[in-house]
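> Please take these sequences and the hints and turn them into a complete structure.
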Amino acid sequence: MDRALIRSFGRRVRLGMVGGGSDSIIGGTHLLALRADGYCELVAGAMSVQPEIALSSAQSQMIDRERAYTDWRVMLEREAERSDRIDAVVIATPPQLHFPIAKAFLECGIDVICEKPMTRDLAEAQELVHLVRDNNRIFCLTHCYSGFPMTRHARALIKQGAIGRVRMIDVIFAVGDPGTSVDPENPEDRHWRFRATSIGKASILGEVNSHAYHMAGFVTELKGQRVSAHLATFAKNREVFDNLYATVEFSDGAAGRFWSSYVAAGNDQGFSFVIIGETGQLRWSEEDPEYLWFKPIGGPAIRHSRGYDSNDPSATRHDRFRAGYAEGYGLAFANLYVDFAQAVMARQLGRPYREYLAILPSVEDGLSGMKFIEAATLSHEQGGRWVDCAPPN
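Numbering of the sequence shown is given in this note's numbering, commencing with residue 8 and proceeding in unit increments.
The hints are simulated quantities; they were obtained by calculation from the structure and are not laboratory data. A virtual CB, placed ideally from N, CA and C, is assigned to each residue, including glycine. Wrong hints could be hidden among the right ones.
In silico EDC-like links for lysine to aspartate or glutamate, alpha-carbon gap of 20 Å or less [as the list claims (entries may be wrong)]:
| no. | residue 1 | residue 2 |
| --- | --- | --- |
| 1 | Lys-166 | Asp-184 |
| 2 | Lys-208 | Glu-246 |
| 3 | Lys-208 | Asp-196 |
| 4 | Lys-302 | Asp-319 |
| 5 | Lys-243 | Asp-316 |
| 6 | Lys-166 | Asp-319 |
Label-pair distances were calculated between CB atoms; the ranges are [as the list claims (entries may be wrong)]:
| no. | residue 1 | residue 2 | range |
| --- | --- | --- | --- |
| 7 | Arg-361 | Pro-191 | 45 to 53 Å |
| 8 | Ala-365 | Asp-316 | 15 to 23 Å |
| 9 | Gln-66 | Leu-385 | 28 to 36 Å |
| 10 | Gln-103 | Gln-389 | 23 to 31 Å |
| 11 | Gly-331 | Ile-60 | 38 to 46 Å |
| 12 | Asp-71 | His-237 | 46 to 54 Å |
| 13 | Gly-35 | Glu-59 | 17 to 25 Å |
Printed below as a string of structure tokens:
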């Protein structure tokens, strides 16, 4: 980590948070991640649509009373007037709110960290790309699995030609815990991701498979070209699809498939990938994230472990512990915050900052993901017909 940069900057990056309060599933992860390495501090928040929860959540995070808000619009208006205003906003709301919040803060010159999926639809995603570019802002989409050191090392190995030309890409994100496999009897008790009114019946494409799609492109640097998708609902009385199988044609002739599910009974976290090339394969699982397995043709399997200097610099630059001391999901998430904060600091200091953004999930990644979501939805509606999901220009 570039500690000299934070010393030159002289303070932490000031963050505000919209959503992420005590009624949020993902909020606690963001709160841990943003503080893990001392690059950021949470100074303002409109942390829930419920006023009482918004205020109590802000209080629990030691946010000054005058910067604890019950409406993100009021937060933006008042923060914009402060000499010590926030440098960036964290958007940890349901997806249907991502676009209007991001748009407003970007237009006010405030950088953005946003939960996935980036927007509700492709039109919003396309506009958001232009907003980021036109306002010259930094934007991070929290595809957190790209923060794991060994997924970054996998990307580097593939780039170096360790497995030759990529032929097959297999990514699974299939969970099956009681909270996702069965819906509550009372519809009012369902999480918003299981309500079709939030982001549509095919919400699994954004909530779960967007991670799988991003990871496929992240480690291989290939783009999805066409998709044939099948969605299904298995849980009783569920309003949305809870299982996806998709076959994908990637650029450079690679073939791929995704399985994403809420109803994979017996699975805990369930995120993993296998990338097969001409001369070998790479395997990684989030449930055993410290290790990346490389199996060449005609040779023994080789285990790459986090924490060694022999790993690619993209995998070692945020190492906190030596090999054998697991870091895990929370610190992988924190790696995104470190990269983001370093970019913010460097740019405000007038220094080169693009290097910190090189592998950070971007607004363009969000656009590519939305193109895939819309293509996969259309494919399912048309009986699994192949549908183009061309990458952004």
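> Run every hint past the structure and note whether it holds.
Outcome of the hint check:
1. Note on Lys-166 and Asp-184: the hinted pairing is violated, with a Cα-Cα distance of about 36 Å set against a maximum of 20 Å.
2. A C-alpha spacing of about 7 Å is found between Lys-208 and Glu-246, which places the hinted pair at or below 20 Å, so the restraint holds.
3. Proximity of Lys-208 to Asp-196 is assessed by CA-CA distance (about 18 Å); at most 20 Å being required, the pair is judged to hold.
4. Between Lys-302 and Asp-319 the CA atoms are separated by roughly 18 Å; this keeps the pair inside 20 Å, and the hint holds.
5. Among the hinted pairs, Lys-243 with Asp-316 is inconsistent with the structure: their alpha-carbon atoms are about 50 Å apart, more than 20 Å.
6. This hinted pair checks out: Lys-166 and Asp-319 have alpha carbons roughly 11 Å apart, not beyond 20 Å.
7. For Arg-361 and Pro-191, the Cβ-Cβ distance of about 46 Å falls inside the hinted range of 45 to 53 Å, so the restraint holds.
8. With their beta carbons about 20 Å apart, Ala-365 and Asp-316 fall inside the hinted range of 15 to 23 Å.
9. At roughly 46 Å, the beta-carbon separation of Gln-66 and Leu-385 lies outside the given 28 to 36 Å, and the hint is violated.
10. For Gln-103 and Gln-389, the Cβ-Cβ distance of about 25 Å falls inside the hinted range of 23 to 31 Å, so the restraint holds.
11. Taking 38 to 46 Å as the suggested C-beta distance range, the pair Gly-331 and Ile-60 conforms, at roughly 40 Å.
12. In this structure, Asp-71 and His-237 meet the distance hint of 46 to 54 Å, their C-beta atoms being roughly 51 Å apart.
13. Checked against the hint of 17 to 25 Å, the pair Gly-35 and Glu-59 passes, with Cβ atoms roughly 19 Å apart.
Of the numbered hints stated above, those contradicted by the structure are hints 1, 5 and 9, listed in ascending order.
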